[in-house]
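Residue numbers (our numbering), protein chains in the order written: chain W, 1 to 222; chain U, 223 to 455; chain C, 456 to 698.
It is possible that part of the hints are untrue.
Below are the DSS-like pairs computed for lysine-lysine, each with C-alpha atoms no more than 30 Å apart in a straight line [what the hints assert, rightly or not]:
#1 C:641 <-> C:694
#2 C:669 <-> C:529
#3 U:448 <-> C:694
#4 C:667 <-> C:485
#5 U:295 <-> C:514
#6 U:229 <-> U:448
#7 C:669 <-> C:682
#8 W:157 <-> U:299
#9 U:299 <-> C:677
#10 C:481 <-> U:295
#11 C:694 <-> U:449
#12 W:157 <-> U:229
#13 U:295 <-> C:694
#14 U:295 <-> U:448
#15 C:636 <-> U:449
#16 C:694 <-> U:299
#17 U:299 <-> C:529
#18 C:481 <-> C:694
#19 U:295 <-> C:669
#20 U:229 <-> U:449
#21 C:481 <-> U:299
#22 C:485 <-> U:448
#23 C:669 <-> C:572
#24 U:439 <-> C:636
#25 C:514 <-> W:3
#26 U:439 <-> C:514
In case anyone wonders, no lab produced these hints; they're calculated from the structure.
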Amino acid sequence: MSKIAAILWKDLLSEFRSKEMVISMMVFSLMVAVIFNFSFPPGSEFIKDAASGILWMTFIFASLLGMGRSFVYEVDKGCMQGLMLAPVDRIVIYVAKLLLNLIFILIVESITLPLFSIFFKLDIWTDLGAIALVIFVSSLGFAVIGTLFSAIAVNTKTREVMLPILHFPISIPVIICAVQATSAIFQGEAWSVIWGWTRLIIMFDVVFFIVAFWTFEFIIEE
Amino acid sequence: MSLEKTKNPWVTLLGATLFIAMSVNLYLIFQFAPTERSMGHVQRIFYFHVPSAWVAFLAFGVVFVASILYLWKRDRKYNMVANSAAEIGVMFATLVLVTGPIWARPVWNTWWEWTPRLTLFLILWFIYIAYLMLRQFVDNEERSARFCAVFGIFGFVDVPIVYMSIRLWRDIHPSPVIAGGESSGMHPDIRVTFFFSLFVFTLLFIFMLIQRLRLEKSVVAVSDLKKEAALAA
Amino acid sequence: MNNGQNSAIQVEGIQKSFGSQYALRKIGFKLEQGEFLTIFGPNGAGKTTLIRILSTLTKASAGDFTISGISPQKEPEKIRRQIGVIGHQTFLYEDLTAAENLRFYGRLYDVENLAAKIEQILEDVGLGLRENDRVRTFSRGMQQRLSIARAMLHEPQLLLLDEPYTGLDQHASEMLSGWLKDLRLKNRTTLMVTHDIERGIDLADRVAILVKGKLVYNEQRKNIDLKNFRQTYYDYVEKGGAN
Chain W
1 MSKIAAILWK DLLSEFRSKE MVISMMVFSL MVAVIFNFSF PPGSEFIKDA
51 ASGILWMTFI FASLLGMGRS FVYEVDKGCM QGLMLAPVDR IVIYVAKLLL
101 NLIFILIVES ITLPLFSIFF KLDIWTDLGA IALVIFVSSL GFAVIGTLFS
151 AIAVNTKTRE VMLPILHFPI SIPVIICAVQ ATSAIFQGEA WSVIWGWTRL
201 IIMFDVVFFI VAFWTFEFII EE
Chain U
223 MSLEKTKNPW VTLLGATLFI AMSVNLYLIF QFAPTERSMG HVQRIFYFHV
273 PSAWVAFLAF GVVFVASILY LWKRDRKYNM VANSAAEIGV MFATLVLVTG
323 PIWARPVWNT WWEWTPRLTL FLILWFIYIA YLMLRQFVDN EERSARFCAV
373 FGIFGFVDVP IVYMSIRLWR DIHPSPVIAG GESSGMHPDI RVTFFFSLFV
423 FTLLFIFMLI QRLRLEKSVV AVSDLKKEAA LAA
Chain C
456 MNNGQNSAIQ VEGIQKSFGS QYALRKIGFK LEQGEFLTIF GPNGAGKTTL
506 IRILSTLTKA SAGDFTISGI SPQKEPEKIR RQIGVIGHQT FLYEDLTAAE
556 NLRFYGRLYD VENLAAKIEQ ILEDVGLGLR ENDRVRTFSR GMQQRLSIAR
606 AMLHEPQLLL LDEPYTGLDQ HASEMLSGWL KDLRLKNRTT LMVTHDIERG
656 IDLADRVAIL VKGKLVYNEQ RKNIDLKNFR QTYYDYVEKG GAN
C-alpha cells in the first residue's frame with residue numbers, strides 16, 4: 001500500500017510541477033465539446049438526444065490522450081527499470097498508474113461536465129448522484145484497460161495511434177452502457193433502467209481488473 | 223529450428239478429403255437443399271454465413287487458448303498458432319460481414335442492420351484487426367508475442383460482455399422483425415445441409431491452420447537465418 | 456545474515472536465447488563476499504544481458520543463479536533489496552528534486568531513517584547544496600552522482616555496474632573509483648561490466664572476459680600479467696570470434 005502511495009505521490013508531484021497532462025486533457029476535451037456542437041444546426045432540439053453521446057466522446061478522447069502518456073516518461077528515461085529493480089510487486093506499479101490515470105480523468109471530467117451542461121443546456125444537478133456514479137464506474141473501466149494498453153502502446157512503433165486502436169474495440173461495452181445510462185438519466189427514466197446499464201459497466205470493470213491484474217507483469221517484463 | 227519437410231502425407235490426405243467434401247457441400251447447398259419459402263434462393267447464403275461465423279469464433283477461441291499457453295510455457299510455437307489462427311479468424315469474420323449484408327439486402331431491404339450478431343462480428347473484426355496491427359508494430363519477436371498474447375486474452379474475454387451490452391442496447395431500439403430466422407423450425411434437408419456445411423468449414427479451418435502454421439514456421443526459420451547471417455557478418 | 460557458506464553470487468549454466476540466437480551460453484562463475492569482479496567484453500558480447508539477468512530484470516532461458524544463497528525465482532523481492540544497480544541510465548525523475556528522487560526510491564526499498572540517510576548520502580556525493588534543486592537542472596555528471604546515491608541508499612550487499620563511467624568527466628570518474636574502493640573496504644561485493652580496460656582492472660580482484668556470450672577467461676588478479684593484459688584481452692576477443 002505505502003509503495004502504491006509512493007509511486008502515486010511521485011507522479012502527482014511531477015505532474016503538479018509540469019502540468020503537462022491535466023491542462024492538455026482539459027483544453028482538448030473542451031474543444032471537442034465545442035466542435036461537436038457545430039455539427040448540429042443552431043437551436044436544434046436533436047442536440048438533446050445526442051448530448052450524452054457527445055459527452056462521452058469528449059471524455060473518451062480526453063482520457064486516451066492522458067493515458068497515452070502514462071508510461072512515456074518511465075520508458076524513455078529508463079525509469080521503468082528503476083521501478084522494476086526495486087523490491088516492489090509488479091502489480092503495485094499497475095495499481096499506482098491506474099489510480100493516477102483515474103485521478104486525471106476524474107479531474108478533467110468534473111471540470112468539463114458543468115461547462116458541458118451550460119453549453120448544451122442540460123440539467124445535471126437533479127440527478128447528480130446517478131451521473132457521478134455512471135461517470136465514476138465508466139472512467140474506472142477506461143482506466144483499467146487503458147493503463148495496461150498504454151504500457152503496450154508505449155513499446156510500439158506507432159505509440160499515439162496504437163492506444164485508441166487497442167482501446168476502442170475492447171471498451172465498446174463501456175461506451176454503449178455509459179452513453180445509454182447517461183441518456184436515461186437526462187430523460188428522467190426510472191432508476192432500474194439506469195442501474196441495468198451501470199451494472200454491466202461494473203461487471204466490465206471487475207472482469208478486466210482481474211485480467212489486467214494477472215497479465216500486467218507479462219507486459220512490463222523485458 | 224530446422225525447415226520442415228515440404229510434404230506430409232496426412233496433410234495431403236486431409237486436403238484431398240477436404241476437396242471432395244467441399245464439392246459435396248456445394249452440391250448439397252445448391253441442389254439438395256430445398257428453396258426456402260419466404261426468402262427464396264438468397265437463403266442459401268446461410269450455409270456459408272453461419273459456418274463462417276462458427277469458424278471465426280473457433281479461430282478466436284484458438285487464439286485465446288494459445289495465448290494463455292504462450293504466457294504459461296513461453297514456447298514460441300503457441301505464438302505461431304495464435305498468429306495463424308487470428309489471421310484465419312479475421313478472414314472468416316470478414317466473410318461473415320460480407321455475406322451478412324448480401325443476405326440482409328433482399329430479406330430486410332437494407333444492407334446493414336445493427337442486429338446483435340452482426341454488430342458483434344463488426345466489433346470482433348475490429349478487435350482482431352487491432353491484434354494483427356499490434357503484431358506488425360512491435361519489432362522484437364518475443365515482446366510482440368507477449369503483447370499479442372495479452373491482447374488475445376482481452377479480446378476473447380470481451381466477447382460475452384460486448385454481446386450482453388449490444389443485446390441490452392437492441393432491447394431499447396428493436397430491430398425489424400426477422401422473417402424466418404435461423405432458429406425457427408428447420409426443414410430436415412436444410413438441417414442436414416447446414417450441419418454438413420458446418421463440418422466442412424471446420425475441416426477447412428483445420429487444414430488452413432496447418433498450412434498457415436507451416437508457412438509461419440518457414441517465415442520464422444528464414445528470419446532466424448537472416449539474423450544469424452547478420453551476426454556472423 | 457549468514458554469508459559464511461553462501462557465495463555473494465553463484466552462477467550455474469546461465470543461457471539466454473532470443474529465438475535461435477544465444478546472447479549468453481552456459482555462463483558459470485562464483486564471486487565471494489567482498490570481491491570485486493570486472494567482466495570485460497566488446498559490444499554485443501552479452502554484458503548488459505548478464506547484468507539484467509542478475510538484477511532480475513530478465514529471466515534466463517536456462518540455468519540458475521543465487522545471490523547470497525537466495526534464489527530469484529523463490530524470493531525475487533529479497534534479492535532486489537540486496538542489489539544496487541548503476542547503468543547507462545540514471546533512473547531519475549527530472550521534475551523532482553534530488554532529495555525527492557531519493558525519498559521516492561527510499562520508500563520503495565523501505566529504508567529506515569530515510570530523511571537522515573538522504574542528507575548524509577547527498578553530502579557524500581557532493582550534492583548537499585543542491586538537494587532541493589530539480590534534477591532537470593543537473594549536468595550529466597551530477598545526475599550520475601545522484602544515480603550512485605540512489606543505488607547506494609538502501610545499502611546493498613551487491614553492486615552491479617554496467618559501464619558506470621560512461622558520460623562521467625575526469626573528476627566524477629575519480630570520485631566513483633574512490634567510492635568503489637571504499638565499498639570494497641566495507642566488504643561489499645561488486646560486479647562491473649565494461650570495455651574500459653584501465654579503470655576496470657584498477658579496481659578488480661578478479662577479471663573475466665566475455666566474448667559472444669561465452670565466458671572465455673576468469674582469473675584472480677594476482678595471476679594476471681597486468682602489463683600485457685590488453686594484448687591478452689584482444690587475443691581472446693579475436694579467438695572468440697573464430698569459433
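Tested hints:
1. C:641 <-> C:694: Measuring from Cα to Cα gives roughly 38 Å; hence the hint is violated.
2. C:669 <-> C:529: holds, 27 Å
3. U:448 <-> C:694: Status holds; Cα separation ~24 Å.
4. C:667 <-> C:485: Holds, at roughly 20 Å.
5. U:295 <-> C:514: Distance ~13 Å between residue 295 of chain U and residue 514 of chain C Cα, so the pair holds.
6. U:229 <-> U:448: Measuring from Cα to Cα gives roughly 24 Å; hence the hint holds.
7. C:669 <-> C:682: holds, 24 Å
8. W:157 <-> U:299: OK: residue 157 of chain W and residue 299 of chain U at ~25 Å, within 30 Å.
9. U:299 <-> C:677: Roughly 49 Å between the alpha carbons, so the hint for residue 299 of chain U and residue 677 of chain C is violated.
10. C:481 <-> U:295: It holds: about 21 Å lies between the C-alpha atoms, which stays within 30 Å.
11. C:694 <-> U:449: With Cα atoms ~22 Å apart, residue 694 of chain C and residue 449 of chain U stay inside 30 Å; holds.
12. W:157 <-> U:229: violated, 38 Å
13. U:295 <-> C:694: Outside the cut-off at roughly 36 Å; violated.
14. U:295 <-> U:448: holds, 26 Å
15. C:636 <-> U:449: Outside the cut-off at roughly 41 Å; violated.
16. C:694 <-> U:299: violated, 35 Å
17. U:299 <-> C:529: holds, 27 Å
18. C:481 <-> C:694: holds, 18 Å
19. U:295 <-> C:669: holds, 26 Å
20. U:229 <-> U:449: holds, 27 Å
21. C:481 <-> U:299: holds, 24 Å
22. C:485 <-> U:448: The given pair, whose Cα atoms are some 36 Å apart, is violated under the 30 Å limit.
23. C:669 <-> C:572: Violated: residue 669 of chain C and residue 572 of chain C sit about 40 Å apart, past 30 Å.
24. U:439 <-> C:636: With Cα atoms ~52 Å apart, residue 439 of chain U and residue 636 of chain C exceed 30 Å; violated.
25. C:514 <-> W:3: Within the cut-off at roughly 24 Å; holds.
26. U:439 <-> C:514: Given pair residue 439 of chain U, residue 514 of chain C holds - Cα atoms ~25 Å apart, limit 30 Å.
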